[in-house]
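Student: Got chain A sorted already, so can you dock chains B, C, D, E and F with the ligands onto it with the hints?
In order, the protein sequence lines correspond to chains A, B, C, D, E and F. Per the numbering used here, the first sequence starts with residue 225, numbered consecutively. Per the numbering used here, the second sequence starts with residue 225, numbered consecutively. Per the numbering used here, the third sequence starts with residue 225, numbered consecutively. Per the numbering used here, the fourth sequence starts with residue 10, numbered consecutively. Per the numbering used here, the fifth sequence starts with residue 10, numbered consecutively. Per the numbering used here, the sixth sequence starts with residue 10, numbered consecutively.
Worth flagging that the hints you see were computed from the coordinates, not collected in a lab. A couple of the hints might just be wrong.
[What the hints assert, rightly or not] Distance condition first, Cα-Cα at most 16 Å in a straight line; then the derived EDC-like pairs of lysine to aspartate or glutamate:
(1) F:Lys-94 x F:Glu-27
(2) E:Lys-77 x E:Glu-115
(3) F:Lys-88 x E:Glu-115
(4) F:Lys-11 x F:Asp-63
(5) E:Lys-88 x E:Glu-31
(6) F:Lys-94 x C:Asp-670
(7) D:Lys-77 x D:Asp-104
(8) D:Lys-21 x B:Glu-669
(9) D:Lys-43 x D:Glu-24
(10) F:Lys-43 x E:Glu-71
(11) F:Lys-80 x E:Glu-31
(12) C:Lys-471 x F:Asp-23
(13) D:Lys-88 x D:Glu-24
(14) E:Lys-94 x E:Asp-106
(15) F:Lys-49 x C:Asp-670
(16) E:Lys-11 x D:Asp-106
(17) E:Lys-49 x A:Glu-669
(18) B:Lys-471 x B:Asp-659
(19) F:Lys-81 x F:Glu-27
(20) E:Lys-21 x A:Glu-669
(21) F:Lys-88 x F:Glu-41
(22) F:Lys-80 x E:Glu-115
(23) A:Lys-465 x A:Glu-668
(24) D:Lys-80 x D:Asp-23
(25) D:Lys-94 x F:Glu-115
(26) A:Lys-465 x A:Asp-670
(27) D:Lys-49 x B:Asp-590
(28) E:Lys-88 x E:Glu-27
(29) D:Lys-11 x E:Glu-115
(30) F:Lys-11 x F:Glu-84
(31) E:Lys-21 x A:Glu-671
(32) B:Lys-536 x E:Glu-71
(33) E:Lys-94 x A:Glu-669
(34) E:Lys-88 x E:Asp-106
Each chain is listed here by its residues.
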Amino acid sequence: MKKLFSKLGMVGLLSFLLIGFSQVGMSNEVFDLSNGTMLLADNHAEIVPAVEAVEQAPTLDTGDTAWMIIATILVIVMAIPGLALFYGGLVRSKNMLSVLMQVFVTFSLMSVLWVIYGYSLAFTEGPYNNWIGGLGAAFLGGVSGDSISGTIPEYVFVTFQLTFAALTPALIVGGFAERIKFPGMLVFLTLWLTTVYLPICHMVWGGGLISSWGAIDFAGGTVVHINAGVAALVLAIGLGKRLGYGKEVMAPHNMPMTMIGASLLWAGWFGFNVGSELAADSTAGLVMINTQVAAAAGVLGWITMEWMARGKPSMLGGASGAISGLVAITPACAVVGPMGAIALGFLASMIAYWACTSLKKSLGYDDSLDVFGIHGVAGIVGAVGLAILMAPKFGGVGYDEGVTMMSQFMVQAKSVGFTIIWCGVISFILFKIVDVTVGLRVSEEDERAGLDTTSHGETAYHS
Amino acid sequence: MKKLFSKLGMVGLLSFLLIGFSQVGMSNEVFDLSNGTMLLADNHAEIVPAVEAVEQAPTLDTGDTAWMIIATILVIVMAIPGLALFYGGLVRSKNMLSVLMQVFVTFSLMSVLWVIYGYSLAFTEGPYNNWIGGLGAAFLGGVSGDSISGTIPEYVFVTFQLTFAALTPALIVGGFAERIKFPGMLVFLTLWLTTVYLPICHMVWGGGLISSWGAIDFAGGTVVHINAGVAALVLAIGLGKRLGYGKEVMAPHNMPMTMIGASLLWAGWFGFNVGSELAADSTAGLVMINTQVAAAAGVLGWITMEWMARGKPSMLGGASGAISGLVAITPACAVVGPMGAIALGFLASMIAYWACTSLKKSLGYDDSLDVFGIHGVAGIVGAVGLAILMAPKFGGVGYDEGVTMMSQFMVQAKSVGFTIIWCGVISFILFKIVDVTVGLRVSEEDERAGLDTTSHGETAYHS
Amino acid sequence: MKKLFSKLGMVGLLSFLLIGFSQVGMSNEVFDLSNGTMLLADNHAEIVPAVEAVEQAPTLDTGDTAWMIIATILVIVMAIPGLALFYGGLVRSKNMLSVLMQVFVTFSLMSVLWVIYGYSLAFTEGPYNNWIGGLGAAFLGGVSGDSISGTIPEYVFVTFQLTFAALTPALIVGGFAERIKFPGMLVFLTLWLTTVYLPICHMVWGGGLISSWGAIDFAGGTVVHINAGVAALVLAIGLGKRLGYGKEVMAPHNMPMTMIGASLLWAGWFGFNVGSELAADSTAGLVMINTQVAAAAGVLGWITMEWMARGKPSMLGGASGAISGLVAITPACAVVGPMGAIALGFLASMIAYWACTSLKKSLGYDDSLDVFGIHGVAGIVGAVGLAILMAPKFGGVGYDEGVTMMSQFMVQAKSVGFTIIWCGVISFILFKIVDVTVGLRVSEEDERAGLDTTSHGETAYHS
Amino acid sequence: MKFITAVIKPFKLDEVREALSEIGVQGITVTEVKGFGRQKGHTELYRGAEYVIDFLPKVKLEVAVSEKLAKKVVETITKSALTGKIGDGKIFVMDLDQVQRIRTGETGDDAL
Amino acid sequence: MKFITAVIKPFKLDEVREALSEIGVQGITVTEVKGFGRQKGHTELYRGAEYVIDFLPKVKLEVAVSEKLAKKVVETITKSALTGKIGDGKIFVMDLDQVQRIRTGETGDDAL
Amino acid sequence: MKFITAVIKPFKLDEVREALSEIGVQGITVTEVKGFGRQKGHTELYRGAEYVIDFLPKVKLEVAVSEKLAKKVVETITKSALTGKIGDGKIFVMDLDQVQRIRTGETGDDAL
Ligand SMILES: Nc1ncnc2c1ncn2[C@@H]1O[C@H](COP(=O)(O)OP(=O)(O)O)[C@@H](O)[C@H]1O
Ligand SMILES: Nc1ncnc2c1ncn2[C@@H]1O[C@H](COP(=O)(O)OP(=O)(O)O)[C@@H](O)[C@H]1O
Ligand SMILES: Nc1ncnc2c1ncn2[C@@H]1O[C@H](COP(=O)(O)OP(=O)(O)O)[C@@H](O)[C@H]1O
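This is chain A alone, in the form it adopts within the complex (with noise of 0.2 Å):
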């Protein structure tokens, strides 16, 4: 615990400086809300006050429409099978189970609280505007089925953004999987959908507090990845190690599982980024281009480190480097050139798997399968890399009028900092909150057993 609270300490401290830092660059304007960059106002905003445009009566694009539907759906296959898969085959086999269920149902959940309240409060306008929206919208209540959003059915955008909300709850499920119960999951992920993601997401995409800074997050490196890193990392501090962590094999089970699930992550993601443009249009093509070959530099960036340091590219090294190329050209897909992206992708690859093998084994907690060190890693990455790679000079699409590269930087440093601490510290308190009440780890007996049989009943393989 006391070593738990250090570590949390560590994180908080490395965020303040990073906010710290940037307020060197841009005096103190911190949280002035009159700055009128909301470069996130372009691909997000103006969704939410659709009735601010009535001067120019919004139609629905056939096009943009389809491109949508399926967008949604891509993010919906990332999270099951994708993701499900994907940590699945990293686990034992007698956990393979609950791992499958605890993405499957936290996605499904999600799904629901949504519907009911997660929509409003991410994407309305709200008495407290910069932290988090109202509840006009709860139960979808007021969307109809003639609504439009930009150029797409509103219905299509709540539901593209619900996959997004149930996607990053379940990204967290990789920190504490093998050890925890499932209830107490479930509970903590509702609250956390509530108190994190939510205000997150407003403030970011909903003209909350950091869309107001001019931060760039074109398709959720801090709503999403750092986000569900960060958590996941409190969680495995919080929970502990696994059983036998360290001493006994924890090889993955099924390899060819998790090549399955990252392949379908690399393909979904095209959902994520390119449906974050909310239109088939040419920025969607840059978006395309760019994810595409971060994923792949972020293979070739991961395997190379591999291959230098043992001798041997793994095919686990080549599908964790496509996820962090991924996480990383995330918030920066639609601001940087395709050489910028392959530059990203691979670098970030390469400091992803330094903090999965060296930082990990340094501080020494167990996060099961490496959330945050890929995706809360990569996402700071990407997050802050973009701010260098959108200089035309590395054929991006360059600054807003005003900005420069250092102010970006600070910019995007801050929003980084910010989402760290939000989260670390909230994710903190709603961890000890569960843990007490409704209780987060299973007995060492069950965890002996495996949770297949002891939650669930169940066992995934028989002949």
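Tutor: Just chains B, C, D, E and F with the ligands, lined up with the frame of chain A:
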């Protein structure tokens, strides 16, 4: 056999009751075709008599076309590998390939038959138009590269409908898995397509009898799910139980495969449901969110039942719940609201749970993979439940002029009852014919050894 | 080695015969570039010299763009996980990860190379334009977010073509599976992309030699399948047989994986074929139904052969038949009718069956996963068969003015022969170079132990 | 004491186990094995590569029992594993020197 | 010489193997088995079909050792495999007539 | 009678089986096992977690034979399983008290 008769009789009785019941509300207009409501016409029927729409020359919309191409591919993914894996994971490893093969070849054979005569019988006008279409478009004669259906190329419409006709017979595989002769199965399903699927499809979507009643079946509750569920029940009873049923352990040999299958079915179902709108428009958005939340609620419904009944929610339960929710929303997806979809998915899943556990046990049939319990039962719940949930007070789109909740309910009940009887009686006759001529059940020895080696000369897993 | 030469000689001879044969019908216009037919130009060529089309400023169509984004993703899914699983399931479990890894990393490396120089050499004009493009668009210089190709963003076109270039080398993996050195493979395939794929791609789709003959290769019969098949054959012969080939049991270790792979290839192939239309239009509809029924007929063709030959249709047969049908329809999908597609798929599948059984046995090479037998042979059948089936009397679209069935057949035969020779000769030279310098075959000891542990330091399955 | 090894058909396992329980056997160790014997295997064909799979899936039981129970155990297995068809399997009986229960350190008949 | 067969809990394998190495055992053959015994199994439920899975995953070790090492081996296994909870397993000792190393043809204690 | 247990390299199984058939052995029971011995294993690395896998896949044959065939069987296995490289395996011979064929109830040499 006697038992078989009595069971079938029971089902038939129930169906007659449903129809009879509906008479109360609908007086004597049962077979009155002059009834002009034709709610289904909005979705499918205008495609067929493309000639009638000459006043307003149909033009191709690239967005709608893009969406429908994908929707078609998604339904293909539902069948292969989706359904094949969902089923395959549940059998014993010695029968794994036989199930994959049954789905794969059925899907292929039906695809070819669809082009030869299926499309024509289902979607053109014929001399007995209430019951079945004509043979004018056999071999796709008359369809050309330039033919347009609504706003999409007719070939796309033909292929989209092909996937429904190829998927439905494959669904039945779950009823007789682990004990059927492969050639007999192909003969039976060919006859079944011709005498059950095509007529019902024509009656519902091709401008035939059932559509004339004003029945609502947006994406195939009767045509696909009730049809397949009833046929599976008939075959399960007809063939008798698997050797060792109830005594030996017949646990699923690979639950992760089943989970992958369920996930792909979920994702593919958007092609199925949203694709049935035949356009990327506002209704598509409504169908989309309904599909997602009904599936999610289905997951929660089933595991809630399990949790209450035995203290442990299971992965198979989650997967089964998702499919139940999806089946239930299929006919209803364009007429209920998101909260109605949640209610429908949740409830239908609970009822399907009851059917797969209590009902099946008490009746004692061996529907190997619960095709009736899930597709049949949840399909019925969805088909009749939509009449209630489409009411504006439940967030639905409301009724057509002159239609009340009660009258709609009657129409729905009648169409369900009609489908059950049609499918049940003909399936039973076909079963008898094929059983006597070609033979349907494998020898005891082959069943013991497993169908993979005895029917297909292969083994699923080697080292 | 001597054997190798004689085999290659045979293939070469055959190809020369094909070309020679074609001379009869085409007199001396073989290398005559003034021939203006350029049937391919309709599909691909107009994209390249976008400048020429200035009269009619190209505008982006969201529907076409939506479709092409998806088509691209579908081809990605074909490669990972589709092809990787199709191949991986067929090897022994000790080599599973090596195959997945070979496909995964090849796919990634080629993606990056495409951006660096591949696209430019394939799709821009160069000083030796008959043979290869220029380097003007290296690093995607000149492509910007606003560039439009036809009706879609150029970046989308670039990414779509990227997936072809990344998939084709990965197809070759099946020829040398279970015995190749990983680094050697990467070097070989890099050189192969540069000297075989890019030139042939340019000659067929980039406005080079083969297109000038009026050859029809809608979606890549020569560029992708014959190319890959021939290269795989050269490597299979060059490397020699696997240890224990013909003596030890080398049964597929996981047929369900192969079935999943085949199904994803099937579904993804719509991206490949329909995507090659580069638009969601009427032709797309024709391509779609042709693709579906050719695959289905391929399944039926192969299992019919098995049924007759040994009494048992197999899952591997079904899967192989589907791929054979898909390969055969690839060049033909826009010019034949649905019944023609059925005929082509059925026949090509039967011939591929013969190639994988009788032909392979009699020649005695060990093409581990039958890349030549399926992609090479069915590719040839499709490429020449389309000349016949495109006749209006067979439901095809008919010939261009001045073209007859015979003349088209000659052109097709010539382009096939040319591709075989070009690919065969260069592949053989590359094989020799890489074998001598980097080394291509693993040690006997490593081959016994399996490549997973020896090349990649991992094992596919643990408990 | 005797160490009895029996090779039987897989689907007979449950029956045999129950029969043994009834006569007082308290522990059994079971292994999935492949059996070669008089019973013929089958042929598998993969794209023209024909493999004669001449082993059959069998289940091996190992039971350590006291001298006096040994005969009864052999009889019980014979009876409950019988189908009368080829491939029913074999029972092998060997001398067992010594047994020890790990949990308690008990030895001899007490440890069984 | 003695042929020692031990059935233990799977997660104890590494510990036991290391302990045996330390006392000079040079070879072990390990099999994954299913154990029926006093330790209870669990129930699995699949859509209403309830299966009582009354076997537990165990690991079987087979070690051939010289007469003089035998006692020590039994002791070492007992100690290193002990958790004190039910299901810890059994050790069976049998006489071993003859051993031969395939590679060299050596026999007797030399072959171990 | 003798109960012969042999641990060999997996890819030698077919050869050994055929050799045994030729000298008249009619039944064999085969188990996939993991072997620890002088032959070294390998290292696997998963995102920085290094596991030394020091077992190797082996195949275990169990053959019950008549007294007079026993020597021949040991010789035959030795010859057909030999590669001359480390890890070729071991053959263990034990006394077999009694055999019974389940199908017929035959015992002794007749049951083999
Ligand atoms: N001599 C033997 N040594 C070891 N195992 C044997 C022997 N003979 C038979 N078995 C085992 O018993 C099984 C059944 O034997 P088989 O000869 O097929 O039929 P049956 O038991 O009816 O004579 C074989 O598959 C094999 O596993
Ligand atoms: N008589 C026996 N013969 C063979 N194996 C046995 C015997 N008794 C126990 N075993 C094996 O030992 C394991 C542990 O035995 P069990 O009775 O559950 O607990 P304990 O070892 O604590 O008494 C069993 O699962 C079984 O594999
Ligand atoms: N004393 C032993 N008891 C049981 N099995 C043994 C013993 N010694 C070796 N083995 C088995 O034989 C296999 C080969 O032994 P090893 O020492 O590696 O090589 P070699 O047979 O060449 O001496 C081991 O993997 C193990 O399965």
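Student: If a hint holds in the structure, say so; if it doesn't, say that too.
Tutor: Consistency of the hints with the structure:
Between the alpha carbons of F:Lys-94 and F:Glu-27 the distance comes to roughly 21 Å, so the proposed pair goes past 16 Å and is violated. Only pairs whose Cα atoms come within 16 Å are accepted, and E:Lys-77 paired with E:Glu-115 is rejected, the gap being roughly 19 Å. Note on F:Lys-88 and E:Glu-115: the hinted pairing holds, with a Cα-Cα distance of about 13 Å set against a maximum of 16 Å. With a CA separation close to 31 Å, the supplied pair F:Lys-11 and F:Asp-63 exceeds the 16 Å bound.
Restraint check for E:Lys-88 and E:Glu-31: satisfied, since their Cα atoms lie roughly 13 Å apart, inside the 16 Å limit. Of the pairs offered as hints, the one joining F:Lys-94 and C:Asp-670 holds, with about 14 Å between alpha carbons and a cut-off of 16 Å not exceeded. With a C-alpha separation of about 13 Å, the suggested pairing of D:Lys-77 with D:Asp-104 holds against the 16 Å cut-off. Distance check on the hinted pair: D:Lys-21 and B:Glu-669 sit about 14 Å apart at the alpha-carbon level, within 16 Å; holds.
Between the alpha carbons of D:Lys-43 and D:Glu-24 the distance comes to roughly 20 Å, so the proposed pair goes past 16 Å and is violated. The hinted pair formed by F:Lys-43 and E:Glu-71 meets the criterion: a straight-line CA distance of about 11 Å does not exceed 16 Å. Only pairs whose Cα atoms come within 16 Å are accepted, and F:Lys-80 paired with E:Glu-31 is rejected, the gap being roughly 34 Å. For the hint linking C:Lys-471 to F:Asp-23, the alpha-carbon distance of about 9 Å falls within 16 Å, and the restraint holds.
At roughly 10 Å between alpha-carbon atoms, D:Lys-88 and D:Glu-24 fall within 16 Å of each other, so this suggested pair holds. As the CA atoms of E:Lys-94 and E:Asp-106 are separated by approximately 35 Å, the hinted pair breaks the 16 Å bound. Among the hinted pairs, F:Lys-49 with C:Asp-670 is consistent with the structure: their alpha-carbon atoms are about 14 Å apart, no more than 16 Å. Proposed proximity of E:Lys-11 and D:Asp-106 is supported: the alpha carbons are some 9 Å apart, at most 16 Å.
As the CA atoms of E:Lys-49 and A:Glu-669 are separated by approximately 13 Å, the hinted pair is consistent with the 16 Å bound. In summary, the hint linking B:Lys-471 to B:Asp-659 is not supported, as the alpha carbons are separated by about 26 Å, beyond the 16 Å threshold. A threshold of 16 Å between alpha carbons decides the hint, and for F:Lys-81 with F:Glu-27 the separation of about 14 Å falls inside it, so the pair holds. Our distance criterion of 16 Å between C-alpha atoms is met by E:Lys-21 and A:Glu-669, whose separation comes to about 14 Å.
Taken as a hint, the F:Lys-88 and F:Glu-41 pair is broken in the structure, with Cα atoms around 21 Å apart against an allowance of 16 Å. Between F:Lys-80 and E:Glu-115, the direct Cα distance comes to roughly 15 Å. Compliance with the 16 Å bound is thereby established for this hinted pair. Between the alpha carbons of A:Lys-465 and A:Glu-668 the distance comes to roughly 12 Å, so the proposed pair stays at or under 16 Å and holds. Straight-line distance between C-alpha atoms of D:Lys-80 and D:Asp-23 comes to about 20 Å, which puts the hinted pair past the 16 Å bound.
Proposed proximity of D:Lys-94 and F:Glu-115 is supported: the alpha carbons are some 14 Å apart, at most 16 Å. Proximity of A:Lys-465 to A:Asp-670 is assessed by CA-CA distance (about 15 Å); at most 16 Å being required, the pair is judged to hold. Only pairs whose Cα atoms come within 16 Å are accepted, and D:Lys-49 paired with B:Asp-590 is rejected, the gap being roughly 31 Å. Between the alpha carbons of E:Lys-88 and E:Glu-27 the distance comes to roughly 12 Å, so the proposed pair stays at or under 16 Å and holds.
Between D:Lys-11 and E:Glu-115, the direct Cα distance comes to roughly 30 Å. Violation of the 16 Å bound is thereby established for this hinted pair. Restraint check for F:Lys-11 and F:Glu-84: the C-alpha separation of about 14 Å stays at or below 16 Å, so the hint holds. Between E:Lys-21 and A:Glu-671, the direct Cα distance comes to roughly 15 Å. Compliance with the 16 Å bound is thereby established for this hinted pair. For the hint pairing B:Lys-536 with E:Glu-71, the CA-to-CA distance comes to about 38 Å; that exceeds 16 Å, so the pair is violated.
As the CA atoms of E:Lys-94 and A:Glu-669 are separated by approximately 11 Å, the hinted pair is consistent with the 16 Å bound. Of the pairs offered as hints, the one joining E:Lys-88 and E:Asp-106 is violated, with about 27 Å between alpha carbons and a cut-off of 16 Å exceeded.
Hints 1, 2, 4, 9, 11, 14, 18, 21, 24, 27, 29, 32 and 34 from the earlier list are contradicted by this structure; the remaining hints agree with it.
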